[in-house]
Structures are given as C-alpha cells and as structure tokens.
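**Student:** Given next are the chains, with one letter for each unit.
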Amino acid sequence: MEKFQTLHSPAVPLPIEEVDTDQIIPARFLKATTREGFGDNLFRDWRYQNDDTPKPDFVLNNPAYTGKILVAGRNFGCGSSREHAAWALYDYGFRAVVSSFFADIFRGNALNNGLLPVQVSEDFLHQIFSAIEQDPQATFTIDLEQQQFTIDATGQSTDFEIDAYKKHCLLNGQDDIDFLLSIKDKIEHYEQQRQAAAV
Amino acid sequence: MGKTLFDKIWDNHLVSQVGEDTQVLYIDRHFIHEVTSPQAFAGLEKRGIPVFRPQQTVATADHNVPTRDQHLPIREELSRFQVDKLTENCEKFGVELYGLGHPYQGIVHVIGPELGITQPGMTIVCGDSHTSTHGAFGCIAFGIGTSQVEQTLATQCVLQRKPKRMRISVDGALQPGVTAKDIILYIISQLTASGGTGHFVEYAGSAIRALSMEGRMTICNMSIEMGARGGMIAPDETTFDYIKGREFAPKGADFDAAVERWSQLYTDEDATFDQEYHFRAEDIEPMITYGTNPGMGIGISQAVPEVPAGNVTFANSLKYMGLQGGQAMKGQKINHVFIGSCTNSRIEDLRAVAAFVKGKKKADHVNVMVVPGSKQVEAQAKAEGLHDILTAAGFDFREPGCSACLGMNEDKVPAGEYCVSTSNRNFEGRQGPGARTILASPLMAAATAIYGELVDVRELLNQN
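Keeping their order, the protein sequence lines are chains A and P. The numbers in the first sequence follow my numbering, run straight up by one, and end at 199. The numbers in the second sequence follow my numbering, run straight up by one, and end at 464.
Next comes chain P alone, as it looks inside the complex (with noise of 0.2 Å):
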C-alpha cells in the first residue's frame, strides 16, 4: 500500500522504537528563541553536557522585543535579561544567533523560510505551537515543550508517538477578496478548536495548490489552533521557486539534485488516511471570529450564534466579547487593528494591505499598527515603498517581532476594547488582560482600519 507524505517523512527520520507507541524521531533543523529556551540552557549546564549538533539549531530573539527602538537597550528589565540569557545562551553553547539588529532578525516562523534553512523532507521542531507553519514546504514541523528544546539541543532528537493522519482538501476557485487567512480560519470554524487534536494533518486540493508559499504558511501555521500538531503540503513549482537563491538553500547542481529529490515528495494515489474533510472553495466567506477560541468563527455576512442551552463556557465567551447571540458582526465598530504575528505578517501580506489602503486614511478612531515579520520584509516594504503608503494612511509601522499577538512586550489592546488582528488566537487576554480580539484576513483588517468597523470587503472589491 502507498505511504502517505507525513509517513514518509517521519520513516525516514525514525532512530529507534521506544515501547509499543513512542518513537525516537531524529530532528534535521531546531528554532529557538529567548522565551522557551533559556531553561532548556540551564539544564544542560546541570548535566554539564554540550548542545550535541549545534549546527543544525538558529537563534532570533521575538517574543520579548519591543517593537520600537530596537537599536537602544530594552528599556523593560525583565525582558532585557531574558533576550541578554538568550545571547550568553548562544554564545556558550555555538549557536547562531539573528538577534535585535542582525539584517535577518525576525519572527522565527518567517526567518526560517525567508532564509531558505526551511526545505522540504526535513524534521524541524521549535518551543513554539506556530512551528506548523514550516510544513507549508512539506516538512513535518511541530512546536515542543521547553523539555523537548532540552531534548533536541541535548541529542538533536525528540521522543514522540506517531500522530494519526488527517487530510482536508479545498477545492475550486476563491472568490475576490477570500485569502488564504479565510480558508483557515473557515477550515477550523468547521471542524473546531479541538478537531484536528491526535492528528497531523495533510492540506491538498486545487484551491490549496493555486496559494503562494506565504499563503500556504498561513494555513499550516494555524493548524494547532484546531488542536492539530501540525500541517503540511507536498512541494512542488511553487515550493522550488520560492526556495531557489535563498541564503541557504542548496545552490546549482545542488539545487537541482535537491529539486529531484523534493519532487518525491507527496502522498502516494492509494496511500490511506485516518481522517478526510473536502470543503469547497466557493463556500468560503471573508472570515472573522466572534468568539474565544478560533474555532469560533462565522463568514462576515452571519450573525454571531445563538448560546447552546446549558453551555457555559460560550455563554462566558459571548460575554468576555461583549457579543450577544443572533447579532449582526458587519458594522461592529472597532477601535485597533493589529497586523502582524506569524500567521500574517509577510512581503505578500503587506502588499494586500498597501493595495487596499493606497491614497486612503484610517478612519480617526482607529489604532493601527503595523509589525512586518522580520527584518528583511521590513527592508523590502520600505524598497516598495508600501511603509511611505501605510504611514500616510496613518498606520504606525513597527519593528518587527511577536508584538501584540501575545502581547509579551508593551504592544497590548486595552481592555474592553476590539482589536481586528491577523494573528492566530483569539483567546481572553491574549492581546492584554481584557482585550477583545477578531481574527481576520490582511485585507479585512485594512477594510476595518479605514471603515473603523467590521465591513465585507467583497462589496468594496465590487465598487473599484
């Protein structure tokens, strides 16, 4: 019987069989940063070993950096020690580090694409639930405890039970104004915030193959918030072109050998699942969330759903959103808009926005802030000149950096307040204690910005 991509993959990482159910699976690439590593560091120093293969491991320094100033010393003490243990950490121990003020400084999900150390067949693991989204170029990418950072920089392998496997196919054409970011967040709406949990989870079907790269990451990247560990897409033109001339892909003939062997790479005809979805492209609405898990999500056209008889915990959500069963979301108004995270915080996410907000203002309620997703996307928004454009509208560009995803740093939403966010969780407090937060697509966020309420961009589409 055919093997699955997941499968392959994974046997060809397997070291060794621990028991009936855990594997010793061998990790190719291992992503750290300043908030789930350091002690992971301490307990190496306690066992008084070395990181086993320090080659394989890079460093950047994310969730705990102001996005502001980001050439003078953090100003908050706790997170100038935390990101200061993370460069002591690296420089013990010899591994790479992009920290505040290296050109290749970012969120750690976008430097390892941008960069090309992310390419397809490989293992890679980070202390970080957002690790997903590398398996946008058929990788098995899934995020870990800080024990399994100890693990993997101890012995560049982690312990785990094999995942079930799950495959959701979306197939037609999108309508003008549905992204990537909708696809998602309408995948999880559907199967919830736990549908995926046990299992890894393949996305293919025609719609998924018409996505760029970045728009691939963003389905993969948010698949642990359906509980899944992680997603993946076989590579293929797409995956190659992206990869091609990064600082460290494979060049030349190297390029092409490696090309050969990426092209093998996907699921065999009558290779079997544990678990299908098929969904249709043209179902899918401009998505936001209502609620307080991602699960909880409706098209922008649908009124917020009624609470379940007997069930609290919805009841508590409705009420921490301040939303009422059967109301309307289209015109809520709104008071930030966040851009950025992992999941949206792109070249391509920053040009949909740009496109949208070109010659427009922000509407005068609103707070927009802008965070790209690296260093390098924010050199590039700047040579594009889409910073002059957002900056003129009135958005406040940042530096880049986790920001108010999870609001580690300064960068929070006041509590009570909405914030439309192209991040990940919608989760109470997640954006700062109290803060109200709508998941949504790059392009709704900038509809929201300018409207200052909750508005269906495909009716603006419509009148340019």
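Bound conformation, chain A alone (with noise of 0.2 Å):
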C-alpha cells in the first residue's frame, strides 16, 4: 500500500446522498480477476449513456473540476462489500473521499487501499461544496498525521477521526496482513488455548 501523508489538492463535488457502491462500480464489471482498471467505470452509469458517449452534466465529465479528493453526501458507499469500490475510485486518481457519514465496509475497504475516508460534519460539508462551487479549483489540504481537513482560500479547518492503528498504516503505507502474519504465533497459541477448552 501506498503511504499517505499529505495532501493538498482540489476536489470534485458529488452532492448526492446514498451513493451506494453499486453506483460507485456496477456489478457487471465485477468480472475481472485483478485489483487494476476498475476506474475506467468509476460511476459508470451515472458518466455514460448507454452508448458509451459521455453524459455532459455528470461531474467526473466536466473539465472544471479536477484533483484526487471527492466530496459526496451522507452515507457515502452503502450497500454491497466489493472492494472493486475502493479499487475504482484509488484507480481513477482518488486518494480521499470526503463525506458527512460513511458506511462501514467501505470505509474499511478504502482504509485498506490508500484511500482516506474524511468524515466531516454536515456543516462543514457544506462549506467545503460553497469553496467549489464559487471556484472550482479551489484547494484544500489534508494533513493525516494532524488529522486536519483545511479549506485552504478561508483557512477553514476541521479534526477528523481515524483509528490510531489505520493511521499509522497509512502513514507508514502498511498493510494489516503484514500485521496479522508478524502475529500468527499469538494466532495459533489461541487456537491451541480453544481446543484446550473444548476437550
């Protein structure tokens, strides 16, 4: 995994609620067998007709709006546990998603690839969407180690929660297996200590 440390870059607005991940990648591409190109149909329905060609008023297709941070509304990757998810939105360029509410597996999923989960209040949300949209290449800064989100033109900021543990794998770009594999002496001495129990 990739470190993540700081980032400062503009943003692309998705004020919808609810997006769920069959939005984020619908399940008929789903069929391949590897982590890469999954960002190809990054909101694949909500950027393209049915014939392929480009919706114009979706978002990812308007050449205002650019950088590695999405910003969407409450319960942002609902539904479905597929990690292609996570991979489409890294894939695409993404490296943080801010949102007022996230749903669990995904932002598991995304802690797990390098992608940041921001959760920021309502409010907040709101402020951040009122900096685009009066310039839509306003910048904002996410500083991990501060566990700050800054509205770089106001100077804005906000805290944000992460699990100490997530935190320090991303800072230092390490992967929970790594973890779990340096532990799998305590492993087994738990599963000796059950079956111990059960006789």
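Please note that the accuracy of each hint is not assured.
[Said to hold, decoys possible] Below, a sample of chain P positions facing chain A; criterion: calculated Cβ distance under 10 Å:
{"id": "1", "residue": "Gln39"}
{"id": "2", "residue": "Gly43"}
{"id": "3", "residue": "Arg47"}
{"id": "4", "residue": "Phe81"}
{"id": "5", "residue": "Cys126"}
{"id": "6", "residue": "Asp128"}
{"id": "7", "residue": "Gly198"}
{"id": "8", "residue": "Ala309"}
{"id": "9", "residue": "Asn311"}
{"id": "10", "residue": "Gln327"}
{"id": "11", "residue": "Met329"}
{"id": "12", "residue": "Lys412"}
{"id": "13", "residue": "Phe427"}
Please keep in mind that the hints were generated in silico from the structure rather than gathered at the bench. Note that the structure is predicted; figures quoted are calculated from it, not measured. Glycine residues also receive a C-beta, built at the ideal position from the N, C-alpha and C atoms.
The task is to assemble the complex, starting from two chains supplied on their own in separate frames and drawing on the hints.
**Tutor:** Here's what the structure looks like:
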C-alpha cells in the first residue's frame, strides 16, 4: 500500500446522498480477477450513456473539476461489500473521499487501499461544497498526521477521526496482512487454548 | 454487569488487542465465492504463502453464474474465466469447492445454513455484505472486502473495530399476509438506510421468536441495508431443530453437547445496549419500496411520500423510479417479477409462492423468474411438486445463483421497467441499467405475478 501523509489538491463535488457501491462500480464490471483498471468504469451509469458516450452533466465529465479528493453527501459507500468500489476510486486517481457519513464496510475497504475516508460535519461539508462552487479549482489540504482537513482559501479547518492503528498503517504504507502474519504465534496460541478448553 | 449475546461471542474470539480500538478476531468459518476471492488468492501467491486453515473455508460459485444450462460450459467468456479461476484456486490451495454441477452448489448464504456448516456461537465472514444472514443462528457473521478475505485466508483472523450494540425488539402477532420480509423492510423504513451504521443488531421479541429459521435468516440478511454490519438472533429450540441431522452438524452425543453449549448463547437480562428500538408487529403491513435505497419503503396501502423541500437525492430517486410524491403504489402496473436471492430463495419462500399461485396463471404481460437458492432447494421444490405448480402458472423456473438480484449474469431487468423483487437492494441499476426495482416479500411477488400490478395481499387472503 502507498503511504498517505498529506494531500493538497482541488476536489470533485458530488452532492448526492446515499451513494451506494453499485453506483460507484456496477456489478457487471466485477468480472475481472485483478485489482487494476476499475477506474474506467467508476460511476459508469452516471458517467456514460448506454452507447458509451459521456453524459455531459456528470461531474467527472466536466473539465472544470479535477483533483484527488472526492466530496460526497452522507452515507457514502453503502450497500455491497465489493472492495472494487475502493479500487475504482483509487484507480481513477482519488486518494481521499470526504463525506458527512460513511458506510462501515466501505470505510474499511478504503483504508485497506490507501484511500482516506474523511468524515466531517454536515455543516463543514456544506462549506466545502460552497468553496468549490465559488471556485472549482479551490484547493484543500489533508494532513493525516494532524488529522486535519483545511479549506485553503478561507483557512477554515476541521479535525477528523481515524483509528490510531489505521492511521499508523496509512502513514507508513503498511497492510493489515503484514501485521497479522507477524502475530501468527499469538493466533496459534489462541487456537491451542480453545482446543484445550473444548476437550 | 451482564453481557449481550454479541459480546459473549466476540470476547470468545478475541485473539489480541491492537492499540485502543482495533482487535484481532478469530474466524471459525470463511465462505468464499468467485467474485471477491481471485484478488485475495493472487495476494497469497504474491507473498508465497498458503491458506492457513483450509478446512475452515468453503467455496461455491454463485454471483456470476448463468441460471440456465449449468451443465454446459459458461458461454460468457469473462464469467467463465472467473468461475474457472475459483476452481483453479481451490485446487491449488486445498479449499473445498461446491462448484457448478455439485449437488451442494448454491447461493453462499443459502448453502452454509442448509448444510449445517453455520452453527451458533461461531464467527463467520465472507466477501459479501449479506453474510449477516448467518446471524440468524446466533453467530457473529459479517461481510468483508477482498483485503480481509486475503487476511482470513492467510491468518484465519480479521482486524476489526468492535461495533456498538443495538437491540431491535418486535413484539406481538403479525397480520395474515405479513411475513419476515415485511418486518425487516418495515424496520429499515423506520431506521433509514444508515440507521444501523456502526452497530451490530440483535433482533428480539415475540414476533421474532415466532419466526422459522428461514424467516430469521431473511431478517438478519437485510441488516446491512440499514448500515448495520450484522444482525443476530439468540438460538433456541427452533434453531436446534433446524440444525439437527444436517450434513455437517454435530451428530449423536456431540450434538447434545453442542446444544448444551449453544443454550448459553443469549443476552443476560441486565446487559445493556448502545441503542434500543421497539416495534409492534400489528403495525406492519405488507411492505414495498418506492425509491432507490431499501430505507425508502412503505406499507402497500400508503402513498409515495412527497419530496422534502430541497432534497435533491430524494427527487432524483423518484425521477429514476418514474413515480410522483403522493401517488398510490397499489395498482401500479408491473412487468417483471423476480423470486430469488439470499434474502428469499429458500424452500419456505417457494412453498409460500406455490401455495398462492396453485391453479392460477400469471398475468400475460409479466415475466416471472424463480431462481432457487441452491441445488438442494431446487431438488426439494421438484420433489414437493412446487416446480410443477410454478411452471404451470407460467413462471420461469431456473437453476441456482444470485441471478437478477445483482444482474452480474444475463438475468437483467430492461431499462425503465418495473420489477417486483424478493431480493434486498433497489439501488439504481442494480438489476440492470435503468431497471426499476420494488422490493417485496415472496407472497407479494407471487400476487403481483398473478395480477400484473401491485396488490394488497391481505385483501386477497380475506377473499379465500
């Protein structure tokens, strides 16, 4: 996993609530057996017509909006556990998603792939949307070490929560699996204890 | 202070604490399928490590399989490759596979319980959000992403933040025509699609206790649709009777010993929850959804809610569904009915449908697809004559798989058309680009198939 320390970027606004993982990446694109290439079909049915021509009114097709941060309405990532949703956002180029509320499984999947979920208050989310409305190229700074999200133009900033262990993983580019493999003896010890208890 | 059912099982599977919030949880059973496992196996290969406890993992092919001609090679190339990849990985890593053609093949959350693999007190994970289904047996069962599938294969553990506890009690007697599916659609409509986020739910109360195991599975299955990671129901005689005699269930004296152990799995009276909700069974009507998330549900007698001022998401949702605020749903013409999915594809579901349909014909303009949850359900439906009743009514009876619940295979609903579906998600495009899904119980789906429009099944039952 790539390290995440600070991110300084404009943001893409998606002021829709309850964005489910079927919208992020529809099931018919889950047939691949590798992690790469899902970005092409990110938000496929919102982004393209049935004949594959881009829908001009969808934000990813509007050249005014760019950047590595996606800002979306509450309950982002609800629905299916498909990690392909996190892969698609990452593959497209996003490194952080900001929302006022995240679905549990999506949040975990994002963190496991170096995509930072930043949860802010509903009020602050509106301030971010208005900053982008005023200037589509407005920049934002995410400082993971300080757990701080800043609207650069106004200097307004807010703290965000992150699990201490996951923060450590992101800052250092470490996977959960490396950690779990490193405590294999503890796992085996647990198994032996349980077996002994069952006899 | 007493412990909740959830805490008892969780604490019993705790391997280690990592920092303040994160814990290492031991996993008893791991189910895998073709769609969310290939990248996990590739990860193991890259690291050059084996599956740590292959006997604790079971595989099946369900998400991306055709529901016709399963004895022939899969026609669609990418699907065939993905299903073949699962077979190859299971062979290479020594994992038991119930693939296409195997008498145990089926939807992963249908086969686990029916084979007796799912047992009270276990921790169960699967790369699928509806893993919550297994909670009906008094398990901690939840969906995981592919990175966690890889962790489980490699170490039989997942790193997890302990969720908060929620209890939802439903007491009283259900009206005739109201089923487990209506209970859960009602709960989600009250708590919204995010009302359970961050929590693990225990369902309790006399209306839940009165349900069969299959009804309880339907309830726990949809826990994720209100954002809860999982749902569970304390095991009781209904649970033990269901498990007894199943293929992988303990036998003889082992079974008796297991029942004694399982009988300890309940929430202590003085245990507390972070959140509690109470509902009355009598308040629940046959439910349907009108929008594009499972929280957008109403009783069949009710009208579509008006768009709250300035709510773009709600307005977009009604526009997608082709519905207006204030309109009645009863009488809405429907062209497609899908009976299947891990929510409602079990034998009791097919029995309920067949009992309603017997001697009747589907409306001419409706396409009805019935997809049994497993080969065993399919075989039993044939043995009981349900298959004959359904085909005589003009229903298309298919072979097992996830099918039109998620539209990964060719079973899709055409753009702009309405489908009354016994599945679990009415998201935009879930059943095919542009498809308009209305979630309902198997009984409501059966009635829709016969009348060609949304009807209040209570009125029909009164006539009989």
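**Student:** Give a verdict on every hint.
**Tutor:** Hint check:
1. Using the Cβ-Cβ criterion of 10 Å, the hint placing P:Gln39 at the interface with chain A is satisfied: the shortest such distance is roughly 5 Å.
2. For P:Gly43, the interface hint holds, the least distance from its beta-carbon to any beta-carbon of chain A being 7 Å, beneath 10 Å.
3. Contact between P:Arg47 and chain A, as hinted, is supported at the beta carbon level, the nearest pair being about 8 Å apart and thus within 10 Å.
4. The beta carbon of P:Phe81 is positioned within 10 Å of a beta carbon in chain A (closest approach about 7 Å), and the interface hint is therefore held.
5. Among the interface hints, the one on P:Cys126 holds; its C-beta lies about 9 Å from the nearest C-beta in chain A, closer than the 10 Å criterion.
6. With its C-beta approaching chain A no nearer than about 6 Å, P:Asp128 sits inside the 10 Å limit, and its interface hint holds.
7. Interface hint status for P:Gly198: upheld, as the beta-carbon distance to the closest one in chain A is roughly 6 Å, under 10 Å.
8. Taking 10 Å as the C-beta contact cut-off toward chain A, the hint placing P:Ala309 at the interface is violated, the least distance being around 15 Å.
9. Proximity of P:Asn311 to chain A holds as hinted, the smallest CB-CB distance being about 8 Å (cut-off 10 Å).
10. The beta carbon of P:Gln327 comes no nearer than 22 Å to any beta carbon in chain A, farther than 10 Å, and the hint placing it at the interface is violated.
11. This hint is violated: P:Met329 has a C-beta 20 Å from the nearest C-beta of chain A, more than the 10 Å allowed.
12. With a least beta-carbon distance of about 9 Å to chain A, the hint placing P:Lys412 at the interface is held under the 10 Å criterion.
13. Taking 10 Å as the C-beta contact cut-off toward chain A, the hint placing P:Phe427 at the interface holds, the least distance being around 4 Å.
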